[in-house]
Amino acid sequence: MISAFSYFIETFATLFVATGTLSVIPLFISMTPEYSAEERMKTVRTAIFVAVGVLLFFVLTGQYFFDFLGISMDSFRIAGGILIFVIGFDMLRSQDPNDNIKKEGISSKKAGSSKDLAITPLAVPMMVGPGCISASILRKAEAANQFETILFFVCVFVFFAAFYILFHFASNGAKWLRPMVLRLSYRLSGLVLTAMAIQFIIDGFLGIRVSLAAAAKLAVQ
Amino acid sequence: MDPISVIYIAGRYLAYLLILLTPLAALAALIGLTKDMPLKERLHVARVTCLVSVGILLFFALTGQAFFVLLGISTPAFKIAGGIILFCSGMNMVLHRDKDLDDKPQNVDKDIAITPLAFPLIAGPATITGIFLLQSGSGFDGQAGFSGWFDYTLLCATITIAIFLIYLLFHFSIKGAEWLNETAVKLSERLTGLLLLMISVQVVASGIFASGLMPAIPTP
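In order, the protein sequence lines correspond to chains A and U. Under the working numbering, the first residue of the first sequence carries the number 1, and numbering increases by one thereafter. Under the working numbering, the first residue of the second sequence carries the number 1001, and numbering increases by one thereafter.
Quick caveat, the hints were computed from the structure, so don't treat them as lab data. Among the hints, a few may not be true.
[As the list claims (entries may be wrong)] Residues from chain A that keep clear of chain U, each with C-beta distances beyond 12 angstroms, as calculated: (1) Thr14; (2) Ala37; (3) Glu38; (4) Val50; (5) Arg93; (6) Ile119; (7) Lys140; (8) Asn145; (9) Leu151; (10) Val158; (11) Ala170; (12) Arg178; (13) Ser185; (14) Leu191; (15) Ile198.
[What the hints assert, rightly or not] Short derived list, chain U residues pointing at chain A, Cβ under 8 angstroms: (16) Arg1047; (17) Pro1125; (18) Leu1194; (19) Ala1205.
Only a predicted model underlies this, so the values are computations on that prediction, with no experimental measurement involved. The beta carbon of each residue, even a glycine, is placed where N, CA and C say it ideally should be.
The task is simple: from the sequences and hints, build the whole structure.
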């Protein structure tokens, strides 16, 4: 019982660290300076559903899915890195967040607004990125028995429920932030995102060099 | 070749093609563009679209290798170029920057079956690039070669099956399935876009290392 309990706690802690809970929430809030609290929560709801779905899908199919398509966790890192870089760079370069709002206001009259952060980048790869997926696969493999495997899935749901509640508090609290602070944090998180992205790309590139060398070696033999 | 590995390779081809063809996005476009047509005409448009796309794709599948031999393009070079093209189209899907459809004037002709539905929506540059890439190895990681009539037959058969599946999807959706809402389309577009990004990174990386531009780190 005690080992099951500690398994639960450890899994929870792994998810907490791997999804980068504490960095995703402030980043999301500063990426959306023009959103009201309700709009934020609507986006977050979609994002959490997608994140849970994607995470469960990858945990259940494990390595097979990646092998089947001939891709690796490293190409996920690089692709996610470039995606985040483009988004962060846009945040740094755009004249004013308020300009974006005006532009979006016009285009959102057409079907589907183009500024929709819920699925990408918020759910994948910010919440559920390559790090989170590989850590979760490892945690599930470490389950000692059937009970702990079930506990793993319970933990995933509990964690994302807690994530949602945290988001709820944070986006209500964000009402008190002044526009000046929001504008500053918008630029700042653009900087953070681009730096994070380059780190992703470096990690992925180093990894992919090793795995492709291994593949080439196999082909020679 | 044993049947298991044939099925495995065919399954891979099919998975790649379905990612490249983005059936749900094409379906959304088809439904949107034929909104005012009677049912019979809509089915006709779906049929023509699928026939034209399968024609385009089979043509390029059969002639692709010859192009490269004639022009003297090496496989790694095309992998890098094709990977970048696929990456851009994946990026458009993920960030939804494909303004092509939004800005199109709503000219409701029978013509829409060929352009824009068959080309460039279904059998567009990205899909054609993908088919060329499939010919540089079984799967985009290029671990096994692609040669001989057997591989050609397999590829052509999978293309036909993929388009047939898409035709079935079109057919049943036109006949009145209301399950297609905006969120489903968006979700499928974003997630397949993400997969496309990962695949294209893998293609570019394997192209770079195969070209010898950059030595891979030897494993200890």
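Each hint tested on the structure:
1. Thr14: The claim stands: Thr14 (chain A) keeps its Cβ more than 12 angstroms from every Cβ of chain U (closest is about 23 angstroms).
2. Ala37: About 21 angstroms separates Ala37 (chain A) from the closest Cβ of chain U, which puts it past 12 angstroms; holds.
3. Glu38: Holds, because the least Cβ-Cβ distance between Glu38 (chain A) and chain U comes to about 18 angstroms, which exceeds 12 angstroms.
4. Val50: 7 angstroms, violated
5. Arg93: 15 angstroms, holds
6. Ile119: 4 angstroms, violated
7. Lys140: 21 angstroms, holds
8. Asn145: The assertion about Asn145 (chain A) holds, with a minimum of 33 angstroms to chain U.
9. Leu151: Label holds. Min Cβ-Cβ 28 angstroms, cutoff 12 angstroms.
10. Val158: At roughly 24 angstroms from the nearest Cβ of chain U, Val158 (chain A) sits farther out than 12 angstroms, so the non-interface label holds.
11. Ala170: 24 angstroms, holds
12. Arg178: 30 angstroms, holds
13. Ser185: 22 angstroms, holds
14. Leu191: The claim stands: Leu191 (chain A) keeps its Cβ more than 12 angstroms from every Cβ of chain U (closest is about 20 angstroms).
15. Ile198: At about 15 angstroms from chain U, Ile198 (chain A) clears the 12 angstroms cut-off, so the statement holds.
16. Arg1047: With a minimum Cβ separation of about 26 angstroms from chain A (threshold 8 angstroms), the hint on Arg1047 (chain U) is violated.
17. Pro1125: 20 angstroms, violated
18. Leu1194: 6 angstroms, holds
19. Ala1205: Holds. Min distance 5 angstroms.
In terms of the numbered hints stated before, the structure departs from hints 4, 6, 16 and 17, listed from lowest to highest.
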